[in-house]
Amino acid sequence: MAYEHRDNIFVADTDGTHQKKVADGALPEISPDGTRVAFNTDEDSKTRPGPERHIAIADLGTGKVRILKEIPSDNCFGPVWSPDGSKLAFSIMAENEWHLGLVNADGSGFRFVKNAELKSEAFGEPTWARDGKSIFCHDLDNIYQIDLGGNVLKKWELSKILTDASMNGGDRLTVSPDGKALLMDVDCGAEHERKNWDGPQPAIEKFDLAGEKAVRVTGKNDFIWDPFWLSNDEFLCVLQKENENEPSIYRMSLDGKNPKLLVRHARTPSVSAP
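Residues 167 to 440 (this note's numbering) are what the sequence shown spells out, left to right.
Here are the simulated SDA-like cross-link-like pairs (lysine to any residue), alpha carbons at most 20 Å apart as the crow flies:
#1 LYS423 with ASP399
#2 LYS186 with ASN174
#3 LYS187 with TYR416
#4 LYS186 with GLY200
#5 LYS407 with GLY182
#6 LYS253 with ARG296
#7 LYS253 with PRO440
#8 LYS321 with SER332
#9 LYS379 with THR329
#10 LYS379 with LEU324
#11 LYS372 with LEU420
#12 LYS253 with ILE233
#13 LYS280 with ASN262
#14 LYS230 with ASP173
#15 LYS386 with SER414
#16 LYS386 with ASP337
#17 LYS280 with GLY298
#18 LYS320 with GLY298
#19 LYS230 with SER252
#20 LYS285 with ASP313
#21 LYS253 with VAL231
#22 LYS280 with GLY290
#23 LYS320 with ASN281
These are computed hints drawn from the structure, not numbers from a lab.
Go ahead and model the full structure; you've got the sequences and the hints to work with.
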(Lines of atoms letter the chains of each structure in order from A; the text may use other names.)
(Lines give C-alpha, C1' and ligand atoms only; values in the text may rest on other atoms or scores of the structure.)
Protein backbone atom coordinates (compact mmCIF):
# COMPACT_ATOMS: atom_id res chain seq x y z
CA MET A 167 0.00 0.00 0.00
CA ALA A 168 1.13 3.57 -0.73
CA TYR A 169 -0.26 6.71 0.87
CA GLU A 170 0.41 10.34 1.68
CA HIS A 171 1.27 11.54 5.18
CA ARG A 172 1.89 15.27 5.68
CA ASP A 173 3.61 15.93 2.35
CA ASN A 174 5.53 12.66 2.43
CA ILE A 175 5.03 9.44 0.47
CA PHE A 176 4.94 6.22 2.49
CA VAL A 177 4.45 2.53 1.77
CA ALA A 178 3.19 -0.12 4.17
CA ASP A 179 1.60 -3.55 4.27
CA THR A 180 -2.17 -3.56 3.71
CA ASP A 181 -2.75 -4.01 7.44
CA GLY A 182 -0.87 -0.75 8.10
CA THR A 183 2.31 -2.34 9.44
CA HIS A 184 5.92 -1.87 8.23
CA GLN A 185 5.48 1.79 7.34
CA LYS A 186 8.37 3.30 5.40
CA LYS A 187 8.94 6.76 3.94
CA VAL A 188 9.73 6.75 0.23
CA ALA A 189 9.99 10.41 -0.78
CA ASP A 190 8.67 13.92 -0.31
CA GLY A 191 5.58 14.49 -2.44
CA ALA A 192 1.86 13.99 -2.86
CA LEU A 193 -0.82 11.89 -4.59
CA PRO A 194 1.00 8.55 -4.72
CA GLU A 195 -0.16 5.43 -6.52
CA ILE A 196 1.66 2.13 -6.15
CA SER A 197 2.25 0.09 -9.30
CA PRO A 198 0.19 -3.06 -9.92
CA ASP A 199 3.21 -5.27 -9.19
CA GLY A 200 4.05 -3.33 -6.01
CA THR A 201 7.62 -2.43 -7.04
CA ARG A 202 7.23 1.30 -7.82
CA VAL A 203 5.29 4.32 -6.64
CA ALA A 204 4.30 7.16 -8.97
CA PHE A 205 3.60 10.51 -7.33
CA ASN A 206 3.71 14.29 -7.63
CA THR A 207 6.66 16.40 -6.66
CA ASP A 208 5.61 19.78 -5.29
CA GLU A 209 7.89 22.81 -5.06
CA ASP A 210 7.68 26.56 -5.51
CA SER A 211 7.89 27.70 -9.12
CA LYS A 212 10.67 30.07 -10.09
CA THR A 213 8.87 31.28 -13.22
CA ARG A 214 5.19 31.70 -12.29
CA PRO A 215 2.82 31.94 -9.32
CA GLY A 216 1.98 28.67 -7.60
CA PRO A 217 3.83 25.37 -7.31
CA GLU A 218 5.68 23.31 -9.87
CA ARG A 219 4.37 19.76 -9.95
CA HIS A 220 6.15 17.01 -11.83
CA ILE A 221 5.50 13.27 -12.15
CA ALA A 222 8.07 11.10 -10.40
CA ILE A 223 8.56 7.37 -9.87
CA ALA A 224 10.20 5.82 -6.81
CA ASP A 225 11.74 2.36 -7.21
CA LEU A 226 11.00 0.53 -3.96
CA GLY A 227 13.84 -1.93 -4.50
CA THR A 228 16.64 0.60 -4.97
CA GLY A 229 15.10 3.62 -3.25
CA LYS A 230 15.92 5.77 -6.28
CA VAL A 231 13.48 8.48 -7.41
CA ARG A 232 13.28 9.57 -11.04
CA ILE A 233 11.44 12.70 -12.17
CA LEU A 234 9.96 12.25 -15.65
CA LYS A 235 11.47 15.38 -17.17
CA GLU A 236 10.45 14.26 -20.65
CA ILE A 237 6.91 15.49 -19.91
CA PRO A 238 6.64 19.03 -21.39
CA SER A 239 4.92 20.76 -18.46
CA ASP A 240 5.77 21.89 -14.94
CA ASN A 241 2.18 21.39 -13.80
CA CYS A 242 1.21 17.71 -13.86
CA PHE A 243 -1.12 16.06 -11.41
CA GLY A 244 -2.26 12.69 -10.08
CA PRO A 245 -0.44 9.88 -11.95
CA VAL A 246 -2.29 6.54 -12.22
CA TRP A 247 -0.84 3.24 -13.46
CA SER A 248 -2.13 1.21 -16.36
CA PRO A 249 -3.08 -2.35 -15.29
CA ASP A 250 0.12 -3.82 -16.76
CA GLY A 251 2.33 -1.15 -15.16
CA SER A 252 3.73 0.04 -18.48
CA LYS A 253 2.09 3.49 -18.66
CA LEU A 254 0.88 6.38 -16.55
CA ALA A 255 -2.14 8.59 -17.16
CA PHE A 256 -2.30 11.98 -15.45
CA SER A 257 -3.67 15.50 -15.64
CA ILE A 258 -1.43 18.04 -17.36
CA MET A 259 -1.78 21.80 -17.68
CA ALA A 260 -1.07 23.13 -21.18
CA GLU A 261 -2.20 26.39 -22.77
CA ASN A 262 -4.02 27.30 -19.53
CA GLU A 263 -6.26 24.23 -19.63
CA TRP A 264 -6.15 20.77 -18.11
CA HIS A 265 -5.63 17.87 -20.49
CA LEU A 266 -5.13 14.13 -20.16
CA GLY A 267 -1.56 12.97 -20.64
CA LEU A 268 -0.06 9.52 -21.22
CA VAL A 269 3.56 8.50 -20.81
CA ASN A 270 5.46 5.23 -20.67
CA ALA A 271 6.81 4.34 -17.24
CA ASP A 272 10.38 4.90 -18.48
CA GLY A 273 9.50 8.49 -19.44
CA SER A 274 9.28 7.89 -23.18
CA GLY A 275 6.32 8.22 -25.51
CA PHE A 276 4.54 11.20 -23.94
CA ARG A 277 1.37 12.31 -25.69
CA PHE A 278 -1.87 14.13 -25.06
CA VAL A 279 -5.22 12.35 -25.20
CA LYS A 280 -7.52 15.00 -26.61
CA ASN A 281 -11.23 15.32 -27.21
CA ALA A 282 -12.55 18.78 -28.06
CA GLU A 283 -16.01 17.86 -26.76
CA LEU A 284 -14.84 17.20 -23.20
CA LYS A 285 -14.41 20.03 -20.74
CA SER A 286 -11.01 20.69 -19.19
CA GLU A 287 -12.38 19.68 -15.79
CA ALA A 288 -13.01 16.13 -17.06
CA PHE A 289 -9.33 15.26 -16.68
CA GLY A 290 -8.83 15.88 -12.96
CA GLU A 291 -9.13 12.27 -11.77
CA PRO A 292 -8.58 9.71 -14.55
CA THR A 293 -8.52 5.99 -13.81
CA TRP A 294 -7.79 3.03 -16.08
CA ALA A 295 -10.26 0.39 -17.19
CA ARG A 296 -9.03 -3.11 -16.38
CA ASP A 297 -8.32 -3.94 -20.01
CA GLY A 298 -5.76 -1.11 -20.22
CA LYS A 299 -7.36 0.10 -23.45
CA SER A 300 -9.60 2.82 -22.05
CA ILE A 301 -9.84 5.34 -19.21
CA PHE A 302 -12.66 6.57 -17.01
CA CYS A 303 -12.87 10.26 -16.16
CA HIS A 304 -15.56 12.74 -15.17
CA ASP A 305 -16.62 16.36 -15.12
CA LEU A 306 -19.41 17.93 -13.07
CA ASP A 307 -22.12 16.43 -15.29
CA ASN A 308 -20.97 13.07 -16.62
CA ILE A 309 -18.70 10.07 -16.21
CA TYR A 310 -16.94 9.14 -19.46
CA GLN A 311 -15.16 6.06 -20.70
CA ILE A 312 -12.72 7.08 -23.43
CA ASP A 313 -10.26 5.11 -25.51
CA LEU A 314 -6.60 6.09 -25.71
CA GLY A 315 -7.33 8.14 -28.81
CA GLY A 316 -9.76 10.32 -26.85
CA ASN A 317 -12.95 8.91 -28.36
CA VAL A 318 -15.91 8.62 -25.99
CA LEU A 319 -16.96 4.98 -25.73
CA LYS A 320 -19.69 5.52 -23.16
CA LYS A 321 -21.18 8.32 -21.08
CA TRP A 322 -23.25 8.28 -17.89
CA GLU A 323 -25.14 11.35 -16.65
CA LEU A 324 -24.44 11.99 -12.98
CA SER A 325 -27.91 13.41 -12.39
CA LYS A 326 -29.37 10.03 -13.36
CA ILE A 327 -27.02 7.65 -11.58
CA LEU A 328 -26.14 9.37 -8.28
CA THR A 329 -28.20 9.12 -5.09
CA ASP A 330 -29.03 12.73 -4.16
CA ALA A 331 -25.39 13.76 -4.58
CA SER A 332 -22.96 15.45 -6.96
CA MET A 333 -19.29 15.26 -7.92
CA ASN A 334 -16.60 17.93 -8.09
CA GLY A 335 -13.53 17.93 -10.31
CA GLY A 336 -11.29 16.39 -7.64
CA ASP A 337 -13.53 13.46 -6.74
CA ARG A 338 -11.91 10.07 -7.21
CA LEU A 339 -13.03 7.14 -9.36
CA THR A 340 -11.64 3.64 -8.88
CA VAL A 341 -12.39 0.50 -10.92
CA SER A 342 -13.15 -2.84 -9.24
CA PRO A 343 -10.71 -5.75 -9.72
CA ASP A 344 -13.22 -7.51 -11.98
CA GLY A 345 -13.72 -4.31 -14.01
CA LYS A 346 -17.49 -4.33 -13.56
CA ALA A 347 -18.02 -1.48 -11.08
CA LEU A 348 -16.77 1.91 -9.96
CA LEU A 349 -16.39 3.32 -6.48
CA MET A 350 -16.61 7.09 -6.51
CA ASP A 351 -16.38 10.10 -4.24
CA VAL A 352 -19.58 12.11 -4.04
CA ASP A 353 -20.64 15.30 -2.27
CA CYS A 354 -23.87 15.17 -0.29
CA GLY A 355 -25.99 18.31 -0.31
CA ALA A 356 -24.85 21.80 0.62
CA GLU A 357 -22.39 23.05 3.26
CA HIS A 358 -22.33 20.81 6.32
CA GLU A 359 -22.53 22.27 9.81
CA ARG A 360 -20.01 19.92 11.43
CA LYS A 361 -17.62 22.04 13.47
CA ASN A 362 -14.38 20.66 12.01
CA TRP A 363 -15.56 20.57 8.40
CA ASP A 364 -15.78 23.04 5.53
CA GLY A 365 -17.97 22.01 2.60
CA PRO A 366 -20.48 19.27 1.79
CA GLN A 367 -20.35 15.88 3.48
CA PRO A 368 -18.22 13.41 1.46
CA ALA A 369 -19.48 9.88 0.84
CA ILE A 370 -18.72 6.90 -1.40
CA GLU A 371 -21.09 5.33 -3.92
CA LYS A 372 -20.76 2.14 -5.96
CA PHE A 373 -21.88 2.08 -9.57
CA ASP A 374 -22.28 -1.17 -11.48
CA LEU A 375 -21.35 -0.30 -15.06
CA ALA A 376 -24.08 -2.54 -16.44
CA GLY A 377 -26.68 -0.90 -14.17
CA GLU A 378 -28.51 2.40 -14.08
CA LYS A 379 -28.13 3.67 -10.52
CA ALA A 380 -25.31 4.06 -8.02
CA VAL A 381 -25.73 2.87 -4.43
CA ARG A 382 -24.41 4.62 -1.33
CA VAL A 383 -22.03 2.29 0.51
CA THR A 384 -21.05 4.55 3.42
CA GLY A 385 -23.22 5.52 6.37
CA LYS A 386 -25.32 8.68 6.44
CA ASN A 387 -23.24 10.15 9.27
CA ASP A 388 -19.83 9.11 7.94
CA PHE A 389 -17.36 11.54 6.37
CA ILE A 390 -15.49 9.24 3.99
CA TRP A 391 -13.68 9.73 0.68
CA ASP A 392 -10.69 8.60 -1.46
CA PRO A 393 -11.82 5.01 -2.17
CA PHE A 394 -9.46 2.42 -3.64
CA TRP A 395 -10.50 -1.19 -4.21
CA LEU A 396 -8.66 -3.78 -2.14
CA SER A 397 -10.65 -6.76 -3.45
CA ASN A 398 -14.11 -7.25 -4.94
CA ASP A 399 -15.46 -7.14 -1.37
CA GLU A 400 -13.29 -4.55 0.39
CA PHE A 401 -11.82 -1.13 -0.21
CA LEU A 402 -9.48 1.38 1.38
CA CYS A 403 -10.75 4.86 2.16
CA VAL A 404 -10.09 8.00 4.14
CA LEU A 405 -12.36 8.71 7.11
CA GLN A 406 -12.48 11.74 9.37
CA LYS A 407 -14.34 11.39 12.64
CA GLU A 408 -16.26 14.25 14.22
CA ASN A 409 -13.78 14.77 17.05
CA GLU A 410 -10.72 14.73 14.77
CA ASN A 411 -9.12 17.45 12.66
CA GLU A 412 -7.28 15.12 10.27
CA PRO A 413 -8.44 12.08 8.31
CA SER A 414 -7.00 8.57 8.60
CA ILE A 415 -6.89 5.54 6.29
CA TYR A 416 -9.34 2.71 6.96
CA ARG A 417 -10.12 -0.67 5.47
CA MET A 418 -13.84 -1.29 4.96
CA SER A 419 -16.18 -3.94 3.58
CA LEU A 420 -18.27 -3.09 0.55
CA ASP A 421 -21.42 -2.79 2.65
CA GLY A 422 -19.82 0.17 4.44
CA LYS A 423 -19.44 -1.74 7.69
CA ASN A 424 -16.53 -3.02 9.79
CA PRO A 425 -14.13 -0.09 9.32
CA LYS A 426 -10.62 -0.95 10.49
CA LEU A 427 -8.07 1.79 11.17
CA LEU A 428 -4.83 1.25 9.26
CA VAL A 429 -2.84 4.52 9.28
CA ARG A 430 -3.55 7.64 11.31
CA HIS A 431 -3.42 11.10 9.75
CA ALA A 432 -2.90 9.90 6.18
CA ARG A 433 -4.71 10.07 2.84
CA THR A 434 -4.69 9.01 -0.84
CA PRO A 435 -4.33 5.24 -0.32
CA SER A 436 -3.63 2.81 -3.14
CA VAL A 437 -2.70 -0.87 -3.27
CA SER A 438 -0.96 -3.13 -5.75
CA ALA A 439 -3.02 -5.58 -7.79
CA PRO A 440 -4.80 -8.28 -5.74
